[in-house]
Amino acid sequence: QCTNDVWNKVMKRGKVVVGVKADYKPWGYRSTSGELIGMEIDMAKDVAAAMNVDLELVPVQSSNRMQFLEQGKIDMMIATMSDRVDRRKIVGITQPNYYTSGTNIMSPKALGLSSWEDLRGKPVCGKQGAFYNKIVADRYGAKIIAFTGNAEAKQALRDKKCIAWVYDDSSIMSDLSSGEFDDFEMPLASEDDNPWGLAVPLAEKDCIFGHFMSGITYNMHQSGRLIELEQKHGIQSTNYLVIQKYRNKDWLEGK
Amino acid sequence: MSENEMNSEQPIVSLKDVHKSFGDLEVLKGISFDVKKGEVICIIGPSGSGKSTLIRCINALNDINSGSIKVHGREVHDPKLDKLELRKKVGMVFQQFNLFPHKTALENVMMAPVLVLKQNKEEVRKRAEDLIRKVRLQGKEDSYPGELSGGQQQRVAIARSLAMNPDVMLFDEVTSALDPETVKEVLVTIKELAQEGMTCILVTHEMGFAKEVADHIYFTDNGVIVEHGPPSTFFTESSDPRTREFLSQIL
Amino acid sequence: MSENEMNSEQPIVSLKDVHKSFGDLEVLKGISFDVKKGEVICIIGPSGSGKSTLIRCINALNDINSGSIKVHGREVHDPKLDKLELRKKVGMVFQQFNLFPHKTALENVMMAPVLVLKQNKEEVRKRAEDLIRKVRLQGKEDSYPGELSGGQQQRVAIARSLAMNPDVMLFDEVTSALDPETVKEVLVTIKELAQEGMTCILVTHEMGFAKEVADHIYFTDNGVIVEHGPPSTFFTESSDPRTREFLSQIL
Amino acid sequence: MLGSFSQFFLDLYESNPKWNFIYFYDPKQADRVLEGLWTTLELSVVCVIFSVVIGVAGAWLQTLPNRLVRMVVQGYIQFFRNTPPLIQLMFFYFALGQFTPTYSPDGWLEIPIISNVGWAIISLSFFAGAFNVEIFRAGIEAIPESTKEASESLGFSRLQTYRYIVLPLAFRVSLPALNNNLVNLVKTTTQALVIAVPELLYQMVSIYNDYSTSMNACMLLLFVVYIVLVGILVFGMQRWERAMNIPGYGS
Amino acid sequence: MKIFSTPIPGLGPGKTNTDFPVLLPFKGHASGQTGDLRFSRWMVSASPMVMMIIAVLALLIPSVAAAQSKFNLADAFEVLWRWLPFIVGSGFVMNLLISFFTMAIGTAAGVLLGLGQISLIAPLRKFCWFVTQLFRNSPWLVLLFIVMLTFPFEIEIGETIISIPDWMKAVFGLSLPIMANIAEIVRGAVQSVPTGQWEASESLAFSRRQTLWQIILPQCFKRMIPPWMNWYAILTMATPLVSLLGVEEIVTLSRQAMEAEDNHPELLIPFYGFALVIFFAYCYPIARWTLRLEERYSVKL
Ligand SMILES: Nc1ncnc2c1ncn2[C@@H]1O[C@H](COP(=O)(O)OP(=O)(O)OP(=O)(O)O)[C@@H](O)[C@H]1O
Ligand SMILES: Nc1ncnc2c1ncn2[C@@H]1O[C@H](COP(=O)(O)OP(=O)(O)OP(=O)(O)O)[C@@H](O)[C@H]1O
Ligand SMILES: [Mg+2]
Ligand SMILES: [Mg+2]
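Residue numbers (the numbering used here), protein chains in the order written: chain A, 2 to 256; chain B, 209 to 459; chain C, 209 to 459; chain D, 14 to 264; chain E, 2 to 302.
Rather than coming from a laboratory, the hints here were simulated on the basis of the structure. These numbers were taken from a predicted model, which means no experiment stands behind them. We put the CB at the ideal spot given by N, CA and C, even for glycine. Hints may contain errors.
Once the Cα atoms are required to be at most 27 Å apart in a straight line, the calculated DSSO-like pairs of lysine-lysine come out as [said to hold, decoys possible]: (1) A:Lys206 - D:Lys31; (2) D:Lys161 - C:Lys326; (3) D:Lys31 - A:Lys90.
Per the computed footprint, the stretches of chain E lying under chain B, defined by three or more beta-carbons under 8 Å from a beta-carbon of chain B, are [stated by the list, open to error]: (4) 197-210; (5) 214-226.
Okay, the calculated bits of chain A under chain E, using three or more residues with CB under 8 Å as the criterion [claimed, not checked]: (6) 32-39; (7) 63-70; (8) 142-151.
Please take these sequences and the hints and turn them into a complete structure.
Following this line, the structure appears as structure tokens:
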């Protein structure tokens, strides 16, 4: 019973509207002139090119991205969204996932934290809209203080208003390597591999749009495009993309 | 007899057993009197005795509970009556002047004829200027009410009412918000009006003035007319003790 | 002579060549008069002639530019003078009553003796109740000023001043904010006071009252005393043209 | 009974995933709602008290002769009146929050003596306080000079006049504006969300971030709770205003 | 420049003294690099008021805080300077745009609602009263959340689809409380006209409509201007609220700029401090003007 409304609309007007982040360096952020840039923006460009339509980027936030897609304000999104069961009830997250991140904390070396259990009952800074806030709170009993932005969260950590900042491990890693957080460390084993998914409207998940996106993601894995982009944007490389590339390898290749 | 027919002997204003309450408070308890064309009557009485209420009922600013008020033979409190028609015939001047502060003296006078009667603006201006002269305010046409003294404002208010060419004028204690020295200016204006034959109903505390100008004086207390008569006898021969007490206080 | 010494012949209030300006405007241009114990004097004159200013200077509510005002032989405008001491001796009643709206009539009367004179509260209450009776307001003790008529408020104001047991009372046009019928209540109260021997200085427009109650009448205009005399001669024999014109307008 | 209540909303969610009233069947979320509600109430009450104190103190400081003090107070008022409270909150917490002294219960974690709730209280109290200063000042200025003169002429000292006459009256005059401002303050507490104060809005946003299906239900609850909360507040304030009403004044 | 004398990244003591920063190639925004003089040039070009505020802020900041990391406050101000055109040009302008549209819509709707409250038709009057109270008493942020998240992003009128941008939805959300408050201003102003004016015009045979438009409203018009302007200022100061819903105004863009600059916590003071300053610079003159008008009109009538 596919109506393919959105797909047809996109094709008819020759333009796809993609929701991306503008506050998540290096995935999606602004250049000084106000342009949106980043890894996911490059992915969106590939998508538009593959569909042979123009591209319009709409910045979304963690807290409103699903509403935007639901309401049709955007046609699809590539917006650092973790693939969760309850989210699949609202938007159409297509397979395969295009990235995965682990959750970790940045905490002062002086504290010498060694296990997630150390967070129990302690204040931990986070960002509003991040789903693992709930996991860290539920599983380890941390008291989450969620701010609207990462600068605020890190400032709160530095002001010693919390003992740790919980976020994506790759992001924390690049902060640590910047040399400005020399007194801090990422002491724990990353929790939860959180696969990231791109999403189309729920009704079109198993229709042309959804299948098309699945295909594109598959191709990006297979061709190594994602690894290429990862390197281009200076993201700490993770095993996930390598494994995916290997798994999706054409088994006849080289034979 | 057709209600519309005019008869020179028929009263212009005629009240019959008028009753009026505010909630539980009965303010008018059966008031009757007639006013003939060209007559000047004064209503006096203690504060709160219902004088203002009475005069406002004639103008349909208040409605009444029972009885009848007729102006030109037409029932004022008939729900079918066109109130605007009535108010074109009855002019009213208030204690607090109530000029429109955002309009000049001349504009105050011109507004109603132009907007309500839809008369030609230039003709109205000529008539308004005559009226301003009549109340002796030539030169003040373009002043705003805020720039005029109390007495001057009250005279503009009178001119404003006259501009509608009313058949009857109602005056409610028009001098009591004025300082003693400006009262006189206003009284002179009203006296001239009365002498020119305008039918006037006045509420006033100025006994000397009432004596001089009124054809008939009514004394109200507690919602009824206690005593009335021509001024020649009213002040000297009043029989009612309340009237006598009141007069002794005022005079 | 010691300044403190009391002498029955010495005037209670004595003004000598008092000058007072507001900025460039000279309001008082040399006023002198004496008031003896038990005397009642009235000050009349056109609006803006400086009557209120004069009376306020006696109470040190305004200061003066030159000249001298003595109460009980003490210079009022001596900077070293304890104003509170002065004000315990001089009571003042204003045109606008100026009751304290958040206190009942009785509390208004009691406040000053309790707070300023630190007198015993129960004794003050008894005296205050007497005063309330004296101004004929029994039953209104617990009413708030907003619930009293103008005349009643003014009588509370008089009682409030009397509660301080002053030697002199100043009245500034105490009836001019009242409607004609309630004026009398207040005048009766003042008349009784005067008859009981209270020294009174009154500013008033009520000629009839002035005639009846005053020992001496002063007419001020333009900052000077133009004419004065006992009421018997003042109204009939005044020689000054300004006084005559003023009287003709008022009377 | 309670089980079937929860079951109803669970079923509703199953059949209608957009209406996930999670706080009605998940005790954890219910706790968050209650905690948020409690924080909102706490924040409101404390801020109201502090802002009134700031208002009184500021109004008093503004009456001081020292020009510098008055300028500082003016600067404070102008800064808080003319910048967005949202940014004030962020600036206070992140910029000034860096310099607050801390205490350390466990070596590293240095708990600032001012928590985010503390900063919200400070920031919001100063924000509302700036308006309160103006409100109280206007109230004090609204007391007629003549009322102060009356108490002066009764011998009240300056302080007594302030304590017994000016302040009680000024407070009543200020009350409507004050109440308005306090209601506004309670509404502004929602903005403390930006510095992660766990008040109601923060909790609701957190819940629907964690359970994206519960957004509509969260918005609905938020709206209803605030309407009820503010409704109760407005009602209480109006009752208070009426209780503070001086009989005979105002409506 | 004494205040910001912490070491400049990339210009360690090992380098020769002739290495004037001004001679260095003009670099984009590689973090950790900074042109010291650019900052001082900006300081010189700034207005005295900005200078003063900056100076006050700078004094507030103990050097320990700045020395804590390599990225110091001077760098942070330099970053702000670089982003200024974007933040003001796209951000603050959006705040103003939202405030203009909201005020226009809110005023038009508010006047109708206010007049509805003095209507002679009882149900209409009660309805208008209810609507006014409802929107006057709910927190702006809550109204905004509801409108932003539950209203459609586009409306279909026949064939054409009109898409409503985010900020336009914010305008609707903010218009609700503005409408309710303007309605109160209108009702209050009309009711503050003495009843004598109604009676006088009634007794001159004016119709109700004539009385309202010719006599009453012209008199309250001036009285409504100061509170109206006051609400405009309040509204302008409420526009940053829409940042919580992702509308790209000054706070959102500041946050994005900070993200692009690696979220150095030092950025918070200059960025949020600047937002305070620019709002103050815009709203304070309005407040002064409002006060002047209020004084003028209160004397006149
Ligand atoms: N709109 C009203 N609602 C309720 N009571 C009213 C109203 N208007 C007047 N009254 C009451 O009706 C009584 C008569 O009032 P009215 O104004 O007619 O008296 P008045 O004789 O004109 O007195 P005054 O000489 O003081 O003007 C008073 O007791 C007054 O309180
Ligand atoms: N505080 C003041 N500052 C400046 N001028 C004042 C002040 N008080 C009074 N005046 C002026 O002094 C003059 C005398 O005023 P005063 O009130 O004493 O007159 P009055 O005789 O009491 O008049 P009225 O009969 O109207 O009460 C007036 O012209 C008045 O404008
Ligand atoms: Mg009357
Ligand atoms: Mg006077």
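Tested hints:
In summary, the hint linking A:Lys206 to D:Lys31 is supported, as the alpha carbons are separated by about 18 Å, within the 27 Å threshold. Restraint check: the Cα-Cα separation between D:Lys161 and C:Lys326 comes to about 20 Å, which is no more than 27 Å; the hinted pair holds. Proximity of D:Lys31 to A:Lys90 is assessed by CA-CA distance (about 9 Å); at most 27 Å being required, the pair is judged to hold. A stretch counts as covered by a chain when three or more of its residues have a beta carbon under 8 Å from one of that chain; for the segment 197-210 of chain E and chain B the count is 11, and the coverage holds.
Coverage of the segment 214-226 of chain E by chain B holds [criterion: at least 3 residues with CB-CB distance below 8 Å; count 4]. Coverage of the segment 32-39 of chain A by chain E holds [criterion: at least 3 residues with CB-CB distance below 8 Å; count 4]. Coverage of a stretch by a chain is defined here by at least three residues with a beta carbon nearer than 8 Å to that chain's beta carbons; for the segment 63-70 of chain A and chain E the count is 4, and the condition holds. Counting residues of the segment 142-151 of chain A whose C-beta sits closer than 8 Å to any C-beta of chain E gives 3, which meets the bar of three, so the coverage hint holds.
When each numbered hint is compared with the structure, no violation occurs for any of them.
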